[in-house]
Amino acid sequence: MTARSRSLSVVYLMVALLIAVSMFPFLWMLVSSFKRLNELYTVPPTWIPETATWSNYLNVLLESNVPRYFLNSLVISAGSTAIALVLAILASYGFARFRFRGKSLSISLIIVGQLLPTAAIIVPLYVVLNYLGLLNTYLGLILAYLILTLPLSVFMLISYFKGIPVELEEAAIVDGASRLGVLLRITLPLSLPGVVAVVVYAFVTTWNEFIFALCFAMDSSTKTLPIGLAEFTTEFHTDWGAVMAASVIMTVPIAILFLAMQRLFVGGLTAGATKG
Amino acid sequence: MRIPKRFQGIMFVLPALFVLAMLVFYPIVYTVVLSVTDPAGNYVGLENFRSMIDARLTARAFWNTLIYVGFSIIFQVLIGTAVGILLNNEFWGRGAVRALIVVPWVIPGIVAATTWAWMFHTEFGIINYMAQSAHVIDQPVGWLTNPDTVLPALITVNVWKMFPFVAIMVLAGLQAIPNDLYEAARIDGARKHHEILYVTLPHLRPVLMSITLLLAIWGLNAITIIYAMTKGGPANRSLITPIQIFRHAFEFFRFNEAAALSVMFFGATALLMTLYIRIYAEKD
Amino acid sequence: MRRLSTLALMAALPLGAVATPALSGEITWWAPEFGEERAAELVRRFEEAHPDIQVNMEPVVTNGLQNRILVALRSGNTPDLIDVANGWNIPFAATGGLLPLEEVLAEKNIPLDDFLPAALETATYEDTLYGLPFRAEAHALIYNKAAYREAGLDPDSPPETWAEFVEASKALTRTTESGVEQYGFGIAGGGEVSNTIFRSLPFIWMNGGNIISTDLSEVGLDSPESIEAVDFYTSMLTEHGVAPPSTLENDGTALRRLFIAGTIAQYQSGQFDLASIHQENPDLEVGTALLPHPEGKERAAILGGWNFVIPEAAPNKEDAATFLAFLAEPENMGYYTDTFPARESAMELERFQDPELGSFREMLKYARQQPPSANWVQITQIYFDYVQEALLGSMSAEEAMTEAAAEIEPLLGQ
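Residue numbers (the numbering used here), protein chains in the order written: chain V, 1 to 276; chain U, 277 to 560; chain R, 561 to 974.
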């Protein structure tokens with residue numbers, strides 16, 4: 001009993017340490033976002049803002065491009081996620097249920113797609129997007145983001161589809177349904193957790209993406225939130241209070257989305273990543 | 277009209293393959309073309325490669341990349357595995373803790389980078405303040421401006437950001453280990469650390485292998501943290517190859533040299549990956 | 561700039577439509593976002609006076625703007641009037657994409673002798689004028705008068721020479737009565753490269769050195785004059801310790817923050833900093849002064865500013881010229897600029913008479929343009945990397961600049 005409770009208190013101690021380390025930057029971000037400028041630049045730093053202020057948030061929401069960037073991020077992430085989902089569902093179904101010539105070659109091509117260092121393809125991708133007139137457009141970024149999300153999404157869904165008994169589909173096929181119909185009406189509804197995992201994964205990945213957006217988005221019509229945040233720290237009006245407020249604004253939606261979906265998401269991801 | 281059965285599979289797969297081919301394979305081929313031509317499109321052989329290999333920064337950036345990615349992975353895997361094992365214990369509030377610790381991983385890299393940059397600030401950063409209050413240091417340390425501390429500081433941020441991913445994967449792997457294995461070990465008189473050493477870790481090996489591969493890929497891709505925190509400085513002490521490529525292409529507009537560097541980087545990465553997969557496959 | 565030709569060729573396809581082809585009586589103007597409100601007001605006034613011409617003002621973000629304009633110029637799919645930073649003007653002109661302006665300006669009776677000569681030079685390529693400057697500025701020294709008094713210095717006679725300046729900075733480096741660790745002089749050693757260029761290159765020039773010569777034929781960074789100036793700059797941190805320990809992470813904005821917080825007592829910047837200093841710390845007594853110069857030598861500064869250009873491919877050059885003439889009127893130019901106007905007669909306007917602006921205005925006389933090299937970004941990156949080496953103390957100023965010069969050398973002939 002004592003040994004057990006001792007080991008339990010060790011566990012609690014370690015968990016407390018873990019939470020402290022994981023959460024501290026968020027705490028500090030939140031505290032800083034409510035500080036006035038003078039207080040941010042004070043030694044020693046204060047733990048609780050002396051005169052808490054919303055002005056940093058007002059600055060970010062009313063006087064910067066952040067609301068527009070928020071919209072851009074939303075459109076681009078949603079668009080890219082939707083396309084990735086459709087393509088991944090089709091491809092994974094093909095891989096999970098069929099044998100065909102060139103199958104293993106196709107799979108290895110997708111693996112290569114996942115292994116590819118993005119830094120190595122920014123330059124040609126820039127040239128290609130420029131050639132197609134897609135630089136600085138929503139569509140350009142939406143397509144570029146498929147590179148990042150499609151391969152892992154395919155692997156996540158393959159493992160889900162494989163887990164669904166073929167017998168269920170065969171009955172429907174005997175009744176004369178097409179394969180696409182079977183996929184849409186039988187397999188997909190049963191794979192909902194996998195689909196949710198893909199959606200969350202693709203959305204989070206594109207929402208957070210920085211380097212493609214930095215290279216392919218040139219003005220406020222297409223720049224995304226991460227670029228907005230980077231601009232806050234480089235343009236003339238650098239202001240740590242506003243930077244921290246903008247960080248909070250960027251973190252909250254993604255954290256909520258994630259915490260709401262995390263059970264499904266983690267299940268789907270572990271399935272895909274360990275097989276990919 | 278029904279599609280013959282042997283074509284059905286490929287029909288499903290084709291759209292995704294087509295998109296990836298357009299967005300990945302065509303650019304790869306194009307990179308190679310760019311790397312052996314000049315801006316006017318004339319073939320120049322290995323000229324671009326030579327000038328990049330001669331550039332003093334290329335070797336330094338490559339070395340920095342290896343250190344940054346290598347140490348990041350080591351600590352991400354060590355800490356992540358330990359946390360995964362810790363969270364596999366029964367304790368009150370386990371679900372909430374599991375959810376919370378993953379947050380650093382899901383937030384945008386740029387948010388992590390700016391927040392940590394503010395915490396690392398030499399004069400107004402909370403880290404220097406806490407370390408000084410605890411008498412760990414007596415002078416403020418320029419974490420991001422001192423050549424000796426800049427890479428460790430950046431690695432810290434990268435580890436903080438990614439260890440949760442390792443932890444949840446390990447956790448999932450742990451839950452797949454049949455309980456009777458532990459019971460058998462206990463009957464044999466094994467203690468807790470024996471269990472970890474002889475039951476847990478061997479079972480985690482495949483999971484850890486694929487995690488390491490993913491971490492390596494992500495690590496080699498990761499520009500965000502370094503770009504946002506130091507831009508490669510001070511005096512290029514934290515310059516990594518992806519940032520060097522970015523600079524040549526988008527700041528100096530030397531696309532052909534950037535392409536040559538990309539080809540070399542891709543080659544080196546592919547080599548590392550193949551080696552890793554080879555070793556991994558042999559052990560199985 | 562040749563290097564972009566592949567890219568530009570691709571952009572020549574009409575797919576990348578960047579500007580709508582204008583009908584006659586309609587012009588498109590790319591103006592930076594930061595001046596959007598004033599630009600809109602000028603458009604309103606212009607359209608009132610010229611009901612037959614419609615101006616479509618497109619606010620553009622300065623980040624990445626240089627490349628965007630370059631692609632537009634190369635593709636021939638351009639707006640009719642563009643605001644460009646003065647450092648870009650000559651490289652743009654070198655692409656052949658800009659309209660020579662002398663005739664246009666003569667036709668509209670715009671007297672060029674009313675413009676700052678150095679500003680006109682930023683628009684002159686092979687003896688032809690390819691842009692009309694409208695905004696000009698130079699850095700001066702900004703200092704904290706109270707800190708001067710507390711350190712026993714006279715706030716009304718700031719240091720003149722380098723030697724005096726070092727002494728003053730040392731005196732200002734102290735723990736103040738309120739317990740703040742105060743540093744004498746904040747220098748830039750981090751952030752975007754241009755921050756350090758704008759704050760250190762003037763010292764090199766004053767001392768008779770350069771990074772590369774104005775005719776782009778020689779590297780001058782390893783000359784004794786240049787080395788001495790870089791040493792003057794970097795030793796603020798390494799030898800005298802009058803610059804704060806965070807120097808390597810400080811850019812212009814950070815310096816302003818440190819100044820407002822009372823951590824540094826002096827720094828160099830443009831007049832645009834004054835408003836935010838007054839707003840954020842109204843109690844701070846701000847002094848401005850000319851940059852200190854080496855004994856027996858003249859001061860120097862980098863001329864910052866913006867020019868108007870009309871692309872060669874502009875769909876409606878005629879109306880663009882009419883609008884340009886309108887914007888060049890002293891009153892409108894004085895209204896539009898964020899800093900100073902590039903015309904002497906516009907300088908007489910009320911808003912430029914503030915005594916606090918005096919030093920900045922005076923510094924304009926010493927201002928020169930940066931070398932118009934197509935490789936300037938890469939050259940300054942190399943220079944900056946080695947300034948950082950010197951700031952880190954891993955190399956002496958001499959070693960650092962000798963190495964930097966050797967690396968810059970191959971970039972000259974291109």
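No lab work stands behind these hints: they were computed from the structure. As the structure is a computational prediction, the values presented were derived from the model and not from experiment. Some hints here could point you the wrong way.
[Said to hold, decoys possible] Straight-line alpha carbon distances no greater than 27 Å define the calculated DSS-like cross-link-like pairs of lysine-lysine that follow:
| # | chain 1 | residue 1 | chain 2 | residue 2 |
| --- | --- | --- | --- | --- |
| 1 | U | 281 | V | 162 |
| 2 | V | 103 | U | 281 |
| 3 | R | 705 | R | 668 |
| 4 | R | 925 | R | 705 |
| 5 | R | 857 | R | 925 |
| 6 | R | 857 | R | 668 |
Which numbered conditions among the earlier hints are violated in the structure presented, ordered from lowest to highest? Violated: hints 3 and 6.
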